[in-house]
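Student: Spelled out, the chains give:
Number of protein chains: 2
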Amino acid sequence: MIEDTNTDRTEISGLGEFGLIDHLTKEIKIVNSSTVKGVGDDAAVIDNTGFQTLVSVDLLVEGVHFDLSYTPLRHLGYKAAAVNISDIAAMNGTARQMVVGIALSNRFSLEAVEEIYEGIRMACARYKVDLVGGDTTSSKSGLFLSVTVIGQAKTEDICYRSGANTGDLLCVSGDLGSAYMGLLLLEREKAVFKANPQAQPDLEGHDYVLERQLKPEPRADMVQILRDANLKPTSMIDISDGLASEILHLCKASETGCQIYEDKLPFDPTTLNLAEEFNMIPAIAALNGGEDYELLFTVSQSDFEKVRKIDGISIIGHMTANIGQAHMVTNDGQVIELTAQGWDALKKN
Amino acid sequence: MIEDTNTDRTEISGLGEFGLIDHLTKEIKIVNSSTVKGVGDDAAVIDNTGFQTLVSVDLLVEGVHFDLSYTPLRHLGYKAAAVNISDIAAMNGTARQMVVGIALSNRFSLEAVEEIYEGIRMACARYKVDLVGGDTTSSKSGLFLSVTVIGQAKTEDICYRSGANTGDLLCVSGDLGSAYMGLLLLEREKAVFKANPQAQPDLEGHDYVLERQLKPEPRADMVQILRDANLKPTSMIDISDGLASEILHLCKASETGCQIYEDKLPFDPTTLNLAEEFNMIPAIAALNGGEDYELLFTVSQSDFEKVRKIDGISIIGHMTANIGQAHMVTNDGQVIELTAQGWDALKKN
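Quick note, the sequences are listed as chains A and G, same order. Each residue of the first sequence is one higher than the last, beginning at 1 in this note's numbering. Each residue of the second sequence is one higher than the last, beginning at 1 in this note's numbering.
Keep in mind the hints are simulated off the structure, nothing from the lab. Careful: at least some of the hints might be erroneous.
Derived Cβ-Cβ restraints for the label pairs, each shown as a range [unchecked claim]: (1) A:339 <-> G:156: 29 to 37 angstroms; (2) A:63 <-> G:154: 40 to 48 angstroms; (3) A:63 <-> G:261: 47 to 55 angstroms; (4) A:333 <-> G:128: 55 to 63 angstroms; (5) A:321 <-> G:140: 39 to 47 angstroms; (6) G:126 <-> A:10: 37 to 45 angstroms.
Using 27 angstroms as the maximum straight-line C-alpha spacing, the simulated DSS-like pairs for lysine-lysine come out as follows [unchecked claim]: (7) G:140 <-> A:194; (8) A:190 <-> G:140; (9) A:232 <-> A:154; (10) G:140 <-> A:128; (11) A:232 <-> G:37.
Covered stretches of chain A (chain G as the covering partner; in silico rule of three or more C-beta atoms under 8 angstroms from a C-beta of chain G) [to be verified]: (12) 38 to 46; (13) 49 to 56; (14) 62 to 73; (15) 94 to 101; (16) 157 to 166; (17) 170 to 183; (18) 200 to 208.
Just so it is clear, the structure is predicted and the values come from calculations on it, not from any experiment. Using N, Cα and C, we set each Cβ at its ideal position, and we do this for glycine too.
Let's have the full structure, built from the sequences with the hints guiding it.
Tutor: Structure (structure tokens):
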């Protein structure tokens with residue numbers, strides 16, 4: 001399995017809370033002009049004149065959202081930041097600032113926290129987000145990450161979940177189901193490793209699906225791509241819990257229904273190969289798997305030509321008048337009702 | 001001890017994540033005109049034109065920051081919100097929005113989460129803060145609360161820790177050490193209860209110190225009081241970790257020193273009585289106890305007459321040129337150096 005092979009261990013308690021914060025934040029450089037004051041006071045200061053502020057929070061909990069036996073801490077930090085940046089992209093906005101809370105037990109060393117922070121910093125650097133504050137504390141057991149992201153957008157650019165109209169085209173960026181295939185692969189190799197600790201993990205050639213699971217990239221680029229195409233979605237959401245669950249969110253918020261087509265769902269070839277290996281219908285991975293962090297959005301039918309021209313966007317269906325009901329036409333012509341079998345953190349106990 | 005006597009128990013898993021969020025947020029009403037969109041989308045939307053945005057995050061971890069054997073869940077929620085609102089007051093700003101993350105194990109029922117949320121809502125109502133988003137998830141063990149608060153202030157009103165000058169007067173709102181006395185009292189009664197579960201807790205007549213510990217009120221009122229007096233602090237911080245620790249923060253950020261006088265420290269009579277009962281010097285409770293959530297700030301000497309006239313503010317010393325060094329003149333005329341013996345969450349393991 002992928003393990004922390006760092007053999008140097010510094011106890012966090014030796015630094016104290018303030019020492020730790022100083023240590024972790026000393027190399028942070030501010031890149032956004034809206035960031036007036038970052039780490040080091042009671043609150044960060046942000047100047048957003050002329051823009052509206054977007055705020056979103058996500059918790060990542062050990063044993064619930066991640067398994068440290070195969071999740072490198074740096075990837076964990078990266079993913080925690082990425083999934084929040086994705087929430088801002090889903091509003092058609094740009095992430096600008098981030099505050100991070102970390103609670104961890106004394107089985108974690110200073111080097112472990114540094115790895116998590118390094119991952120967060122890498123994601124922040126890549127997406128030009130300023131890390132402006134945080135709280136680091138101990139826990140009795142386990143690792144908890146809380147990330148709050150602040151973004152901005154012009155009022156007229158913001159896309160809510162509630163704006164879809166009957167007849168709008170339902171579109172998705174990128175491909176689906178790959179993060180779930182990565183998870184299945186990691187879980188399989190963990191089971192092999194448990195049965196035989198001498199076994200080497202068989203992850204060769206699966207870089208794509210593993211990256212999709214361990215180090216997802218939010219589609220912040222899509223915000224610019226849509227703007228360049230002079231295209232404003234009527235509604236938008238990111239795919240964190242699975243396509244089915246997100247479609248139902250759009251339907252509920254917009255008071256519409258939805259019909260999608262199995263043969264329109266976008267898959268990467270490696271996802272299709274792995275689905276065959278795991279004897280799984282690819283659409284199930286897309287609908288229920290989650291964690292793809294692609295954007296799901298609706299556009300007016302009159303924008304069909306604009307959206308058709310954009311590489312990496314698939315039109316998978318359209319919104320209907322059947323409020324709250326979503327259906328999929330399968331490859332063999334059946335019509336099935338979609339239910340929110342999306343991954344539910346509360347049922348994982 | 002104070003215990004949850006609620007005998008009805010609803011399992012959270014029966015609701016699912018989205019059902020739980022709907023349930024907890026259905027009665028939220030928006031009160032701030034800057035809150036464009038609250039709970040229910042990928043991110044909240046805030047319009048802060050003409051103001052700067054302030055952001056702060058705090059984690060509260062079971063067994064580290066609170067002990068559920070004597071902390072009612074409603075009080076816990078209230079305190080989690082209050083300590084964050086205090087951070088915004090410490091910037092001389094006004095808290096406007098809040099996002100909350102809760103992770104909890106399956107030993108907590110729906111009623112338990114409702115109690116926490118009720119406490120958060122009570123604090124938000126009292127301080128006119130909109131609860132605009134959150135994330136609720138399970139944990140393998142224990143209860144974790146993450147609160148991020150968004151505030152606003154005019155650029156020229158914001159007080160940083162770094163603005164104190166040599167000769168400035170050091171002032172504190174309210175009284176000190178009472179929250180620590182409340183903690184000592186609760187810990188004593190817990191020990192008695194452990195030794196003899198039939199014993200009734202002896203908390204009679206100690207309402208003030210218990211409220212200070214269990215349900216602290218942030219000094220958001222002080223922001224308006226200072227404004228009404230046409231007084232802008234040169235630096236400000238809230239007292240969460242203890243007076244000594246906060247003074248050293250101001251000294252470090254402002255590149256000054258500080259001298260305070262033991263006989264100028266403000267105490268409530270009940271704190272003095274309890275200090276005698278616990279055989280403790282009251283100044284130690286003020287310096288090292290923490291959690292008073294009063295405001296500590298500096299003003300220019302030329303503002304002496306203005307600050308002197310305000311009820312409930314004590315001038316406890318002045319800033320000096322001895323960078324990073326803080327001293328206290330004791331009641332018997334000795335000069336002792338202050339060290340940050342403030343409560344350190346990381347050393348509590």
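Student: All the hints need checking, so say for each whether the structure fits it.
Tutor: Structure-based check of each hint:
In this structure, residue 339 of chain A and residue 156 of chain G break the distance hint of 29 to 37 angstroms, their C-beta atoms being roughly 54 angstroms apart. Range check, residue 63 of chain A to residue 154 of chain G: about 45 angstroms between beta-carbon atoms, so the 40 to 48 angstroms window is met. Between residue 63 of chain A and residue 261 of chain G the beta carbon distance is about 51 angstroms. The supplied range of 47 to 55 angstroms therefore holds. For the pair residue 333 of chain A and residue 128 of chain G, the supplied restraint of 55 to 63 angstroms holds, since their beta-carbon distance comes to about 57 angstroms.
The beta-carbon spacing between residue 321 of chain A and residue 140 of chain G, approximately 44 angstroms, falls within the hinted interval of 39 to 47 angstroms. With their beta carbons about 43 angstroms apart, residue 126 of chain G and residue 10 of chain A fall inside the hinted range of 37 to 45 angstroms. Of the supplied pair hints, the one linking residue 140 of chain G and residue 194 of chain A holds, its CA atoms being roughly 21 angstroms apart against a limit of 27 angstroms. Restraint check: the Cα-Cα separation between residue 190 of chain A and residue 140 of chain G comes to about 20 angstroms, which is no more than 27 angstroms; the hinted pair holds.
Between residue 232 of chain A and residue 154 of chain A the CA atoms are separated by roughly 12 angstroms; this keeps the pair inside 27 angstroms, and the hint holds. Using a Cα cut-off of 27 angstroms, the hinted pair residue 140 of chain G and residue 128 of chain A is violated, with the two alpha carbons roughly 34 angstroms apart. Restraint check: the Cα-Cα separation between residue 232 of chain A and residue 37 of chain G comes to about 19 angstroms, which is no more than 27 angstroms; the hinted pair holds. By the rule of at least three residues with a Cβ nearer than 8 angstroms to a Cβ of chain G, the coverage given for the region 38 to 46 of chain A holds, with 7 such residues.
Against chain G, the region 49 to 56 of chain A contributes 7 residues with a C-beta closer than 8 angstroms to a partner C-beta. That satisfies the three-residue criterion, and the hint holds. Three residues within the 8 angstroms Cβ limit are the bar, and the region 62 to 73 of chain A against chain G gives 4, so the coverage statement holds. Evaluation of the coverage hint for the region 94 to 101 of chain A: fulfilled, as 4 residues show C-beta separations to chain G shorter than 8 angstroms, against a requirement of three. Taking a C-beta to C-beta cut-off of 8 angstroms, the region 157 to 166 of chain A contributes 4 residues in contact with chain G, enough for the three needed, and the coverage statement holds.
Beta-carbon proximity to chain G at under 8 angstroms applies to 0 residues in the region 170 to 183 of chain A; the threshold of 3 is not reached and the given coverage is violated. Check result for the region 200 to 208 of chain A against chain G: violated, 0 residues qualifying (beta carbon to beta carbon below 8 angstroms, three or more required).
Checked against the numbered hints above, the structure breaks hints 1, 10, 17 and 18 and satisfies the rest.
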